[in-house]
Amino acid sequence: MKFWQAVWAIFWKDVRAEFRTKDIFTGMFVFALLAVLIFNFAFELRVSNVRQVLPGVIWVAVVFAGMLGLNRSFILEVDRGNIEGLLLAPLDRSAIYFGKMLGNLVFMLAVEVVLLPILVVLFNVNVLQPAILLVVGLGTLGFAIVGTVFAAIAVNTRAREVLLPVLLLPVMVPVLVSAVKASANLLDGAPLAEQAMWLRLLVVFDIIFLAVSYMTFDYVLEE
Amino acid sequence: MIEVRGLIKRFGYTVVLGGVSLTVPTGQTVVLLGPNGAGKTTLLRILATLLRPTMGEVYIHGEDAVRRPERVRHLLGYVSHQALVYPDLTAMENLHFYARLYGLPEASRRVQEMLEVVGLARRAHDLVRTFSRGMVQRLTIARALLHNPPVLLLDEPDTGLDPQAAAMLVKLLREVAQAGRTVLFTTHNLTRGVDFADRVLILAGGRIVVDRPATSLDVAQLSRLYARAAAQEGA
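Line by line, the protein sequences are chains A and L. Residue numbering for the first sequence follows this note's numbering, beginning at 1 and increasing consecutively. Residue numbering for the second sequence follows this note's numbering, beginning at 1 and increasing consecutively.
Hints listed in this document are in silico derivations from the structure and should not be mistaken for laboratory results. Treat the hints with care, as some may be off.
[Stated by the list, open to error] Cβ pair distances, simulated, as ranges:
1) L:23 x A:159: 41 to 49 Å
2) L:218 x A:23: 49 to 57 Å
3) A:203 x L:5: 20 to 28 Å
4) A:169 x L:106: 42 to 50 Å
5) A:81 x L:71: 47 to 55 Å
6) L:133 x A:203: 34 to 42 Å
7) A:22 x L:133: 22 to 30 Å
8) A:169 x L:175: 37 to 45 Å
[Stated by the list, open to error] Stretches of chain L that chain A covers, calculated by requiring three or more beta carbons in the stretch to come under 8 Å of a beta carbon on chain A:
9) 39 to 51
10) 77 to 86
11) 89 to 102
The C-beta atom is built at its ideal place from N, Cα and C for all residues, glycine as well.
From just these sequences and the hints, can you work out the full model?
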């Protein structure tokens, strides 16, 4: 009970502070929007079937915008020294992980809620289908699960903005491949049932890395 | 009670603490003095379980702070160089947040009580980013005392405060110490150190070189001892 109380407190603290400053959301959303606009201009001239490239556009925008958000969420803790306040509390340190991970997940989902309708307008393709939203949701969850751990590792280094993508992207390959493949097939009209393999891979990745992150986060926060 | 035995801390090849042993009985207020780089902050961070020592033992109220840090964290209140409060939350939201992390029962009553103790009740709903340095420091002390810890560790709590804010801080800390807590604090202000503490320690070169009752020293004597320690640190 105390564990989840702490998780909720950390999550709610992040949401409340972000609601006031909009530091993380603004950066992520503007980046994602610019990426989508640039792809829109580029593909309008050359690509005959935009459905072939749209999954790539979605995930490039989501992943790189997400990276900005992940970096920012830990920089705000470390640069002000507030991470020490969390470390001093008599709680399991994985509570810090779950609180920060939930915050990162919600910020990314908030960006996607605004971004996906913009994609519909710009590319004239309906990506607001329940099956595609499921794939985007599972992929985003995987990104937040792994990204939160790597952001905590990278934030204590000098080249943290560079280090996070270098560490994170190779680990994220299974999620990105599954999400892009499943999204592309669904946009081509394939039924959700045929995407079971990709969805299973996403779910298994999320479960395994959630367990690994839970077990290792204590060591990540060591000096 | 704080017990430290043979504490060594190295960062790479640099020895910051070279075998510190120390016992602070319950209820005693101790000032830890020393020049910059003497290892004061490192010692306090080890006691606060934020750093692991290279060697040595630390016990807080009999609990092993090195091997079982999770058992001692609720016994400690720590004020560091940084405020450890969130500027985009109000004073009350900050204290409520920490009350939840510590799992405090009757959190609202305790938060209100602490805001009154540090004189911030009227600014409870203002964002911390609008506070002066002195107000932030008072809120920091409220955060450290929120869970009513028997041991309080303060790392230069008076840094950057104007004389009025520093006087208010000393008054507040005196009340805290009189409540029977064990207090270990660092400062560069020798007068404040000798006035406020029961016992004076001087750390230099990673070792305690002076350990005297505060009543046996005046500021002039302390200045001489401090200068000698600083020279030793420089050498």
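Going through the hints against the structure:
no.: 1; hint: L:23 x A:159: 41 to 49 Å; in the structure: holds, 44 Å
no.: 2; hint: L:218 x A:23: 49 to 57 Å; in the structure: holds, 51 Å
no.: 3; hint: A:203 x L:5: 20 to 28 Å; in the structure: violated, 51 Å
no.: 4; hint: A:169 x L:106: 42 to 50 Å; in the structure: holds, 47 Å
no.: 5; hint: A:81 x L:71: 47 to 55 Å; in the structure: violated, 24 Å
no.: 6; hint: L:133 x A:203: 34 to 42 Å; in the structure: violated, 50 Å
no.: 7; hint: A:22 x L:133: 22 to 30 Å; in the structure: holds, 26 Å
no.: 8; hint: A:169 x L:175: 37 to 45 Å; in the structure: violated, 54 Å
no.: 9; hint: 39 to 51; in the structure: holds (count 4)
no.: 10; hint: 77 to 86; in the structure: holds (count 8)
no.: 11; hint: 89 to 102; in the structure: holds (count 7)
When each numbered hint is compared with the structure, violations occur for hints 3, 5, 6, 8.
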